[in-house]
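Below are the chains, spelled out letter by letter.
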Amino acid sequence: MAGSGTAHLRGHDDVVLRVENLVMEFPAGRHQVVHAVSDVSFDIRRGETLGIVGESGCGKSTTARTIVQLPPPTSGRVVLDPGTDQEAELTTLEGEDLRQVRPRLQMIFQDPISSLNPRRRVRDIVGEGLHIWSEGLDDEKIRARVDEVLEAVGIDPTVAANRRPHEFSGGQCQRISIARAVVLEPEILICDEPVSALDVSVQAQILNLLEEMKHRYGLTLVFIGHDLSVVRNISDRVIVMYLGKVCEVGGADALYSAPAHPYTRVLLASAPEPASTVDESEAAIGDEIPSPMDPPSGCRFRTRCPRADDRCATEEPVLKALDDDHFVACHYPSVAGASGA
Amino acid sequence: MPADTNEHTISSSRTAKYWRKRSSATVELAARPVGADAEPDPDRAPQRRLGVTFWAAIGWVALVTGAAVAAPLLPIADPDQIGIGPRSSGPNWDQWFGTDTVGRDMFSRTIWGARVSLMVGFFSIVAGFLVGGMMGVASGYRRGWIDLALGFVTYVMLSFPTLVLFLLVILLFGQGLWIVTAALSIVVIPSVSRLARAITIAFAEREFVAAARLLGATNRRVMAREILPNVLIPMSALLLLGLGLTIVAEGGLAFLGLSVADGFSWGKMIQLGAGLRTLQTAPWVAFFPIGAMFLTVLSLNLAGDRLRQYFDVRELGIGGR
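Chains as they are written, first to last, in the numbering used here: chain H, 55 to 395; chain F, 387 to 707.
Errors might be hidden in some of the hints.
To be verified - Now the in silico label distances, taken between C-beta atoms and shown as ranges:
no.: 1; chain 1: F; residue 1: Trp531; chain 2: H; residue 2: Thr128; range: 18 to 24 Å
no.: 2; chain 1: F; residue 1: Arg607; chain 2: H; residue 2: Gln259; range: 49 to 55 Å
no.: 3; chain 1: F; residue 1: Arg606; chain 2: H; residue 2: Asp68; range: 47 to 53 Å
no.: 4; chain 1: H; residue 1: Asn216; chain 2: F; residue 2: Gly638; range: 45 to 51 Å
no.: 5; chain 1: F; residue 1: Leu449; chain 2: H; residue 2: Glu221; range: 35 to 41 Å
Hint data in this document are derived by calculation from the structure and do not stem from the laboratory. The structure displayed is predicted, hence computed values, not measured ones. Beta carbons are placed, not taken as given, at the ideal position from N, Cα and C, and that holds for glycine.
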């Protein structure tokens, strides 16, 4: 697997964000480099929810961070609203220009406690975006808007607005984070494992809230997670990542009903309740994930792949279409109908 | 088998204890209304009290400060009037702290001496914290060349001999109150700056900083709204420790005749009382300012150290040299 290639990119129509050949490398001392994200491309249509799954360290969060230019990627393009007069190529913007487009892309983080400033009150946290861009808005209007958004995320503003983050539970903090992110009505909301740190019962509430916010504010969601069932439930389209590369891209249902990439099959088989399309024994793969400082040649998954052969070590597979909206980067994919591998 | 049984008993009793502890904590937590802030977290309750020593120390500092501020209003003798009592008389009912070699009232002088000592100490530490804090936050948040430049300034300040600096400042600008204060604050700046930088780096990694930048906050806004409050509040605990330090430093300067020319501080009083003959005939002339300074600095250190623990500030920088 490898996931170079752009066969899965769609035309301009209604695409709200296009990421092309995104590469992020961190220097790791002694002339070594961590290849966190290597040549990842994808696009998102307006109103779509894109899921990104993969195990820890596969570059999901780095992808999210580089999209919002915190920090900017080593190379690659991130284009907002391509083909419209609002088009903005984030990777070429700097300083004030970048600041001007920032509100169009917001993000929710994994750790609800760390994402809220412990010294500020909820009203100030949620109203921060409005205060920054407040030309023509008086305090009273900001107040009203903050109350409205807090109510929308299920926090009672009369009780909560003057409290500080440590007085809230993780789930409530995440609601406040969502309020802060949607208050400026962004086009895209990137959720970086927003429920991983929460209790299961709270997870469902937050996921429902995200769906609700999506409809209410017309958001496009990027949902990053490692829990496949969660990602499947919320996403229209899913990208499977491994060691900084894309393995498989497809509609959520197609991907789950006919997983073509061996790594996708491993992920599905490793779930507590494995999908019926895979055999539980497929979860057994050898070895630890290889070091991103020295990724394997050819297909990066080959060291753990049951189907790997010499070709996988030399030739990097490129994303190719299985059908209209299902792409896989593997030399020996499982094809729907045929039995797996 | 008996050994086995024994072990089992121990482990089960441990488990029982564990659960008892757990469940009582759970009950307490559950009994708390959601979001109630008045109740301290039961797990941290022991650390959440400042203790008697702290309040006694704060009480002494408050007493000295109050007396110093109110000195002109207090019914005490004129500290500069010569011959208010007999020369070099020991503590008595008329002059509680005795008189010095020219018959000035030592009680009144000790209170008036606190004014210069505390004022120079207080303003220099506050100025040092403000400037050093801003430098530290800027270099910790911006990194890059700003960090390098400010770091270089810090190292220059740290390696410049303090006494030479004072002599230079006084030669150039004189011995005014604000000049001495400024000179002392320069000594404080590098330590504060390094500490602020360390705390800033820890907070700059936090996600709320990323969130603020995503909302479009400018760097200045992020530093002022997100980082500075998080840095200054824990560092305020070190303000008291630093105040102790600057009071002693001012005393040292005054002893060398390098401090404020106009008026007198505890340090200058100590110098006046420290002549060999005075020490033999009237030791209280040196003893009372020494005692006042000692108690005040001790109190500041005790209170400051307790506050530092309370806010859980790492032991870095200040006074570490």
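For each hint, the structure was consulted:
no., hint, verdict
1, F:Trp531 <-> H:Thr128: 18 to 24 Å, "holds, 21 Å"
2, F:Arg607 <-> H:Gln259: 49 to 55 Å, "violated, 32 Å"
3, F:Arg606 <-> H:Asp68: 47 to 53 Å, "violated, 38 Å"
4, H:Asn216 <-> F:Gly638: 45 to 51 Å, "holds, 47 Å"
5, F:Leu449 <-> H:Glu221: 35 to 41 Å, "holds, 36 Å"
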